[in-house]
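Which chain is which? The protein sequence lines are U and C, in order. Count the first sequence with my numbering and you get residues 585 to 1134, in order. Count the second sequence with my numbering and you get residues 585 to 1134, in order.
It should be emphasised that the hints constitute simulated quantities derived from the structure, not laboratory data. These figures come from a predicted structure and were not determined experimentally. A hint or two may mislead.
Where chains are identical, the list cannot tell them apart; a pair therefore holds if satisfied intra-copy or between any two copies.
As the list claims (entries may be wrong) - Below, in silico cross-link-like pairs of lysine-lysine (DSSO-like), each with a Cα-Cα straight-line distance of 30 Å or less:
| no. | residue 1 | residue 2 |
| --- | --- | --- |
| 1 | Lys976 | Lys955 |
| 2 | Lys1127 | Lys1081 |
| 3 | Lys702 | Lys990 |
| 4 | Lys1001 | Lys976 |
| 5 | Lys1092 | Lys593 |
| 6 | Lys773 | Lys1081 |
| 7 | Lys731 | Lys825 |
| 8 | Lys826 | Lys976 |
Protein chains: 2
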Amino acid sequence: MSEISALQKARAAYRPKLPAALANGAFVKVSEGEATKSVADCDKISQLFPKTYGSPVLTFAKGDAKAAAPAINVGVILSGGQAPGGHNVIAGLFDGIKSLNKDSRLFGFKKGPDGLVKNEVMELTADFVDSYRNTGGFDMIGSGRTKLETVEQFELAAENCKNLGITALVIIGGDDSNTNACVLAEYFKANDKGIQVVGCPKTIDGDLKNEWIEASFGFDTACRVYSELIGNLCRDANSAKKYWHFVKLMGRSASHIALECALQVHPNVAIISEEVAAKRMTLDDIVAQIARAVVARAENGNNFGIVLIPEGLVEFIPEIKALIAELNDILAAGGAEVEALDAVGKANFAQSKLSAASAAVFRSLPEGIRKQLCNDRDPHGNVQVSLIETEKMLAEMVGTRLKAMKAAGTYRGKFGKQTHFFGYEGRCAAPSNYDADYCYSLGFNAAALIGAGRTGYMSSVRNTIKPADQWIAGGIPITMMMNLEHRHGADKPVIRKALVELDGAPFKFFESVREKWAVETDYVYPGPIQYFGPSEVCDLVTKTLALEKN
Amino acid sequence: MSEISALQKARAAYRPKLPAALANGAFVKVSEGEATKSVADCDKISQLFPKTYGSPVLTFAKGDAKAAAPAINVGVILSGGQAPGGHNVIAGLFDGIKSLNKDSRLFGFKKGPDGLVKNEVMELTADFVDSYRNTGGFDMIGSGRTKLETVEQFELAAENCKNLGITALVIIGGDDSNTNACVLAEYFKANDKGIQVVGCPKTIDGDLKNEWIEASFGFDTACRVYSELIGNLCRDANSAKKYWHFVKLMGRSASHIALECALQVHPNVAIISEEVAAKRMTLDDIVAQIARAVVARAENGNNFGIVLIPEGLVEFIPEIKALIAELNDILAAGGAEVEALDAVGKANFAQSKLSAASAAVFRSLPEGIRKQLCNDRDPHGNVQVSLIETEKMLAEMVGTRLKAMKAAGTYRGKFGKQTHFFGYEGRCAAPSNYDADYCYSLGFNAAALIGAGRTGYMSSVRNTIKPADQWIAGGIPITMMMNLEHRHGADKPVIRKALVELDGAPFKFFESVREKWAVETDYVYPGPIQYFGPSEVCDLVTKTLALEKN
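Build the full structure now, drawing on both the sequences and the hints.
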């Protein structure tokens, strides 16, 4: 047995809180709502999902403590990027199916959907599950990014489940994985495979949420880890008084993480991609906005500050989006001859072929970024946006702008810069109480959905700004969250992704205070996640959720 | 009043623990040891410090609870880089001088030694001190890097103290700041200024320690923050199973931080600069060592891992040290003509002038690093070693090595890499219980040294692997820790810097397990610093200290 840390040892004993409906186990009383519709494209979605479309929203109430159900075998899969709390979903599911019948068994498919197709599987025994309670990471059974999309995969999945006597699958994943879970549910039902499929909403990005799913798990913990670190940087900036820190934050396209961290720490500037797109801001606008804050603070003698930048930003800047699209085409068309050039050669080649507008944008970028755009390409020849060091690009461009302002006499401060990228540090942190409780409840509740014989549902636990015994447990038909999106040349049914809403309460609040934060030093230092202290320290909910629900 | 976080609010109430000797206040019973000598160069050090050399080691015991002393005015300065706990030193000093006489007053000189010379000062009142208890950062009064070295500075300092009635100064800083504190103490005593000077050992780097000072404050907290993050990366690596993470850790020249983090998380590889220097390892040796671990793990199907790299590494690699020295000379001699070249031009120019050995080393470096070495130079024309992205350099060179091995058929794995630098995130974290208690004790104990009429002493709190009531409080003559070092063409008295000792228990232990850690996945996940839980989680000491003292 490997060494485990003192904290992990103590934290293993934590008993996650459950909604009142699950207090007597996963055998619950089920209330059915009306038949449901998808959020858009109802006709087409209903045609694509004839067997699972239109199912009612389910709400659970406490069941009979002594009720028993037949023993079942259940399979579970972790899909996609890590998020804090995944292990607790599995622990909750384990305890949930055991509460239905102590002889129920849980099987973990390894390395994500691949394990289901290739039959890489292990039984998750009580001791094994216990050793992962309240821990971070997905190392318990691993995860993977294989998409479940083809009939061949579905048949193999059904076959492998059948061999283990598995009659229900729980897929823990993001919007795409849950969409695929629903496709699988539909296929199994249409083909009488006798296997239910239930999804659980996971992603630190926070972009899988809607009227019925109020948060994706992991968002809370990841934001707390990043906010701890940003708070520490704020304290450092305010102590040394000599650096502007540019912090890029993980979170793919949506800016929920950057916004939540801003709400937690009150940085001087936080760029929100959705606003950049809506206002069609240029790169120059963004640089100017940051430079304005630097200048205003310098006037007060404060030559330091904090800037938050969402990972996906460049794709939301219309002119950069256009530039990248042109570059993808130009460099691909250049063929092997261009491929053989070094970065400078590629940049020169691209420069000569770009439209006038894109060429101007390209020229305005720092040299390193120009090279990165030409050099770091994926196997399809496309720019790898996630590799673009936006934080360095903006810091450098702001520096250049300030130099010009200094020469013009409109800026008299000193500008020192540091850049950071926070991402991997937060994806596998041990879950906060919120995520530990929420995940455990999601998993336990998935067992209740299975017990209630449902398929094509997402496990739903709501009202989480209240104490756990007031949380509302139930199930939402996955089709209900779907619309059609045009992807790779075809219309596909997908769960609608939740971007930051510019008229939503979290952004509105941010908007109302950001001018003050830009100039004043109003930092808040959240500090590290606490597990053992007073409830007002340990049982926090995100600022985003609190603003959305209050 | 600005918003403060829930944790900061709850943590403000924490009462740091004190050694038993200070339980009745700073009026203590003093035991004097024998006259002391410096660690080397005794004759010269004693000539340089005729008034303060040879003072005895002091040990304190509990004093009379009802004793009173005259009210005094004391000044305090934070010097150099931030370290967690600085505010608690000030809070301890405040409470300590108040325990001597409730009418004692504390003045904070702002922005470091500069404030003392320029008379930028504020009185630290009870309310103000309370609002900073147990917080991180140095923002309470700011810090600075001005060195107190000249008679002119000393006279200004004496004048400014005299005007405020200050008869004792406490300087909180690293080895250089404490050396200067001693020079100041000597000057004040020799010139009958009537101002005592006492130092407190600060630095996250951990290189200010010796037989009498067992830790510099901030080291514990900074290492815990970095270990939390590295542990999270380990969990992520072990979950996604597709990246090697190369993590550079702050800590200037010594590798104490890298070693401590290694002991806490069990990474696959940790480079220790002192070993590199002692074994005269080449850059190629280091790359080969990391590549060996990658290959061995790939053989077991584990294409992931964690590598820790100390910030100061490049200066410990003999060939790189030689290369940098040559580059400094060559580029300085090149004058304005070379200065005007771009990075490629400079690199080509340098390449043509380097010795054959250094030219070969230069050629072996990745392009980006070559440019960095030629471009990022300080105002004196020297390479800025701290800007060299060693983590990227090593990751890239390991990648290149593995490609060659793959072509040769000696490696069949996949190598994906991510790089990180952890530094600023840890310097201003809120102090752990260890640092909160240790710092408060150091400050309170400094008041005891002042009360006992001593000068040229460092506040010493030892036996800290035991509960606080068994900690030993006292004072160490700063001259005792000094030797002469050749700096800028002259012999200077300095506190001997503590590097990682290769025959010390922490390194010996690391050496005994690292082969196992390299191949196996033996990660430990320390998690975030806890303040409210069981003592075995909240009152940890560093692995380094535990190994050194047990």
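Taking the hints in turn, this is what the structure says about them:
| no. | hint | in the structure |
| --- | --- | --- |
| 1 | Lys976 / Lys955 | both (13 Å within a copy, 17 Å between copies) |
| 2 | Lys1127 / Lys1081 | within (20 Å within a copy, 46 Å between copies) |
| 3 | Lys702 / Lys990 | between (63 Å within a copy, 28 Å between copies) |
| 4 | Lys1001 / Lys976 | both (9 Å within a copy, 19 Å between copies) |
| 5 | Lys1092 / Lys593 | between (42 Å within a copy, 27 Å between copies) |
| 6 | Lys773 / Lys1081 | within (26 Å within a copy, 72 Å between copies) |
| 7 | Lys731 / Lys825 | between (48 Å within a copy, 18 Å between copies) |
| 8 | Lys826 / Lys976 | both (17 Å within a copy, 25 Å between copies) |
Violation of the numbered hints given earlier is absent; every hint is satisfied by the structure.
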